[in-house]
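Undergrad: Protein chains in written order, with the numbering used here: chain A, 1 to 480; chain B, 1 to 480.
These are computed hints drawn from the structure, not numbers from a lab.
Careful, some of the hints might be misleading.
[Said to hold, decoys possible] Derived pair list, reagent style EDC-like, types lysine to aspartate or glutamate, alpha-carbon separation capped at 20 Å: (1) B:Lys280 with B:Asp446; (2) B:Lys83 with A:Asp250; (3) B:Lys356 with B:Asp276; (4) B:Lys49 with B:Asp446; (5) A:Lys83 with B:Asp276; (6) A:Lys197 with A:Glu153.
[To be verified] Anything over 10 Å on all C-beta distances counts as not near chain A; from chain B, calculated: (7) Arg123; (8) Ala161; (9) Arg189; (10) Lys197; (11) Lys356.
[To be verified] Stretch-level coverage of chain A by chain B, calculated; a stretch enters the list once three of its residues show a Cβ under 8 Å from a Cβ in chain B: (12) 62 to 69; (13) 212 to 221; (14) 226 to 240; (15) 431 to 445.
All values reported here derive from a predicted model rather than from experimental measurement.
Virtual Cβ for every residue (Gly too), placed ideally from N, Cα, C.
2 protein chains.
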Amino acid sequence: MLKKTILKLSVCVLFVFIQAAAAAQPDQGGDAAGMSPEGSGEVVAQLQKQALSSGLAWQLLSDLTSEVGPRMAGSEADARAVKWAVDRLKTLGFDRVWTEPVRFPRWVRRHESAEVQSPHPQRLAVTALGGSPGTNGPLEGRVVQFDSLAALEAAPPEQVAGKIVFLSQRMLRTRDGAGYPETVPIRTRGPFVAASKGALALLIRSVGTDSNRLPHTGNISRTETGNPAPAAALSNPDADNLMLMLGRDDPVVVRLDLDVGLDGEATSYNVIGEFDGREKDGRFVLLGAHLDSWDPGTGAIDDGAGVAIVTAAARLAAGLAERPRHGIRVVLYANEEGGSYGGRAYAERHAQEVDKHLLGAESDLGADRIYAFRSAVLPAAGPVMDGLAKDLANLGIERDPSGAPFGGADVGQMGKLGMAMVDLEQDASGYFDLHHTANDTLDKVDPESLRQNLAAWVTLVYLAANSNVAFGPLPAAPQP
Amino acid sequence: MLKKTILKLSVCVLFVFIQAAAAAQPDQGGDAAGMSPEGSGEVVAQLQKQALSSGLAWQLLSDLTSEVGPRMAGSEADARAVKWAVDRLKTLGFDRVWTEPVRFPRWVRRHESAEVQSPHPQRLAVTALGGSPGTNGPLEGRVVQFDSLAALEAAPPEQVAGKIVFLSQRMLRTRDGAGYPETVPIRTRGPFVAASKGALALLIRSVGTDSNRLPHTGNISRTETGNPAPAAALSNPDADNLMLMLGRDDPVVVRLDLDVGLDGEATSYNVIGEFDGREKDGRFVLLGAHLDSWDPGTGAIDDGAGVAIVTAAARLAAGLAERPRHGIRVVLYANEEGGSYGGRAYAERHAQEVDKHLLGAESDLGADRIYAFRSAVLPAAGPVMDGLAKDLANLGIERDPSGAPFGGADVGQMGKLGMAMVDLEQDASGYFDLHHTANDTLDKVDPESLRQNLAAWVTLVYLAANSNVAFGPLPAAPQP
């Protein structure tokens, strides 16, 4: 009954949005719409205007974070998130809504704590890394610090064996998030390197740019060989404090208790919604975001924002009085955090349908403003990208000539098979303050930035879905 | 042995500071020094210069937060803090160092958790309020929200009885911290008002200006009559999330488990260090800060910074080649957080010695810059305050003509008995982002601001201790 009430409310709210979308939309006059390399004129201008005053993405994000909240893959809340998403996509009027199962090893977090035992007893703010084994009860060990993974790799095993390794490398803040891939190997590979040298356990400085006592979780590598050491992240202030202690003469002994670990297999679901295009040719633009989140926060920026943005963009573009030429498929992926399980499952299942996927794009870097875009498309689609550049310039977005798009952890799996891709690049300056922490909550999202994202996305979606050129497939390149 | 090593290191470091202080200091030429209403010339200039390049306050603060860390009154760590402080004051060469016992009810925090049970299960970031009783195991109740304490007070008991009250008032950010006294009654009095109307428990929005998932603890009233309800603070983002849920139709049920409460009596100690003046007349300037801290953070800004600032200021002023005329007494108070136990015990023990206390001042509002000062002194001391105004202007500090000084929660207890007082007013804009949270850690302190504090304090201490005018006693006014 309770859920029925909420559903009714939501239907009501969403109906208003849909009506507004339809009302605001003039006829577009057939095939010419959205195809001009000079930009798409009236339709795009209208869609952008609508997006910049739309409350739809905020409503979806607010509902997801309050009605579901944290939704770690394989948890009870993850199942609620799947139900929530299916209900919402149906309520929003997607022509088809379905799920596709995704299997993965379930990892659970029951208890975690750490404290300095000597010389100066203090609790440490700590969180286990996803995929880490537990410690089988509390363990104690002397801490040995390395300032990089390379330094640990170069260390003789006798310096490490029987100790708790502490990797203290600090992530740098950059707009493009480049500090993350530079630092994240301490989290992904560190546990394996530490174990290979006989370490009892691994502590890392959180891979994050903030100074809150909220450690950053995140997954260890899924593909490294060997057994990982039990591994956890300290908050940045705790890492600083530990370094102060280590900077003196006395040995520092830490007690670590991680009651976490793998717990059988779980099934979750990619939630997929599709709007037909007016040509009903079975071809579509693919928009992706991931539905799961880490457990400490409510998954607002990672990746509730992406879910809200791509869903709302599809809804707005499909709300035109005349549908775009081709379809729009939204995939809300399962278990990205555990290792792109949803993205890989989707790519495996749809590997023979790359040609149906006109173009793919993923939103998974929070809700801050988009400042640039880059693309990998066939030369024939160049004029459409030129039009996109022109239309996105209205939103303060530049063309980024650097390299090929990433495509995203999930959508990029289809990119590996040749699907054309566009990255809408968000300002990541503040993202890694919050990423994978308890602070990943709705209040951190700026509604105006969220609307700017929506405006950019609906522009991309419309131009791509309404185009009659081939964006791909591209020659599938083996990825590193 | 371990402690001996650290002590040796510290002695070494501090010796360097003391030597530097002595070396930097020219002779002052007797009684005239520090008494001119035009400012104190060379001596103050030299002390300020020295303070602005001193590492002493930072060293003390860094050591206290790393070597002791959280030190809730009556805990094992509190006892370590007392020992740490005695050792440090001795090492710094105070002429006398002693302790005075302070008795109080011990309050302990063992476990705390809260979660929304329905309609949308989610954990909430929560911390019990100091002095709160426990819940005797988990309790569940429907949440009823009030946006102010006045609204709760006006509510008919049948609206409250058997429910969990949620007080959602938000603290405003101001430079002078005025938002705190405006809001803090939800924390201090709320538990008593809620209980008087039959509430099961009280949840408050944290009395704090941040948006981190780190709830603000703090004490409930020590003087209200009646029994308090079990009471806890939600972080601001959790309060926001709860309000989102409460804004819909469905009842919100929360499960609250607070294993906390009073646990007998404890004894801690005011730690006191004194430098003689050159007149050895038994009169002194009183500098105060509190040694205890709340348990979630390491007590860097509350009140490690105050401990460091007043201790270093005394050390610098007493390090002059010619000591100031009168003495300097530093009191590091016990259990301020539980209700100014140290300050009240000190005032009770020293009630007959008000005339020995020339002037008192307290540092207990973090480590951000001092922007103003205000004083309550006898008219005869007006010229010294004029000189202070001139000397502090060098540091960007203005005279605040508004009202009488607060004196501080501890030092102010002697102010009630007539001791003259000065407030050095710190910028509190950011203080209540961190206050009473796990985020109260060393990295939040700006070393440059800390040195500006030290420079202001050493100016005050020198001018007051070297003066031959009477600052007080003032007529003792009954305090509200």
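Undergrad: Indicate, hint by hint, whether the structure satisfies it.
TA: Status of the hints after comparison with the structure:
Using a Cα cut-off of 20 Å, the hinted pair B:Lys280 and B:Asp446 is violated, with the two alpha carbons roughly 37 Å apart. Pair hint B:Lys83 plus A:Asp250 holds up; C-alpha atoms about 19 Å apart against a cutoff of 20 Å. Between the alpha carbons of B:Lys356 and B:Asp276 the distance comes to roughly 13 Å, so the proposed pair stays at or under 20 Å and holds. Simply put, B:Lys49 and B:Asp446 have alpha-carbon atoms about 18 Å apart, close enough for the 20 Å limit, and the pair holds.
With a C-alpha separation of about 74 Å, the suggested pairing of A:Lys83 with B:Asp276 is violated against the 20 Å cut-off. This hinted pair checks out: A:Lys197 and A:Glu153 have alpha carbons roughly 9 Å apart, not beyond 20 Å. Not every Cβ of chain A is farther than 10 Å from the Cβ of B:Arg123; the closest lies at roughly 7 Å, contradicting the non-interface assignment. No Cβ of chain A comes within 10 Å of the Cβ of B:Ala161; the nearest lies about 24 Å off, and the non-interface call holds.
The beta carbon of B:Arg189 is kept farther than 10 Å from every beta carbon of chain A, the shortest such distance being approximately 27 Å. No beta-carbon of chain A is positioned within 10 Å of the beta-carbon of B:Lys197; the least distance is around 27 Å. Distance check on B:Lys356: its Cβ is at least 37 Å (rounded) from any Cβ of chain A, clearing the 10 Å threshold; non-interface status holds. Only when three residues or more bring their CB closer than 8 Å to a CB of chain B does the claim for the region 62 to 69 of chain A stand; here the count is 6, and the claim holds.
Counting residues of the region 212 to 221 of chain A whose beta carbon lies closer than 8 Å to any beta carbon of chain B gives 3, which meets the minimum of three for the stated coverage. Chain B is given as covering the region 226 to 240 of chain A, and this holds because 3 residues of the stretch bring a CB closer than 8 Å to a CB of that chain, at least three being needed. Given a C-beta distance limit of less than 8 Å, the hint that chain B covers the region 431 to 445 of chain A holds, as 7 residues qualify and 3 suffice.
In this structure, the hints that do not hold are numbers 1, 5 and 7, in rising order.
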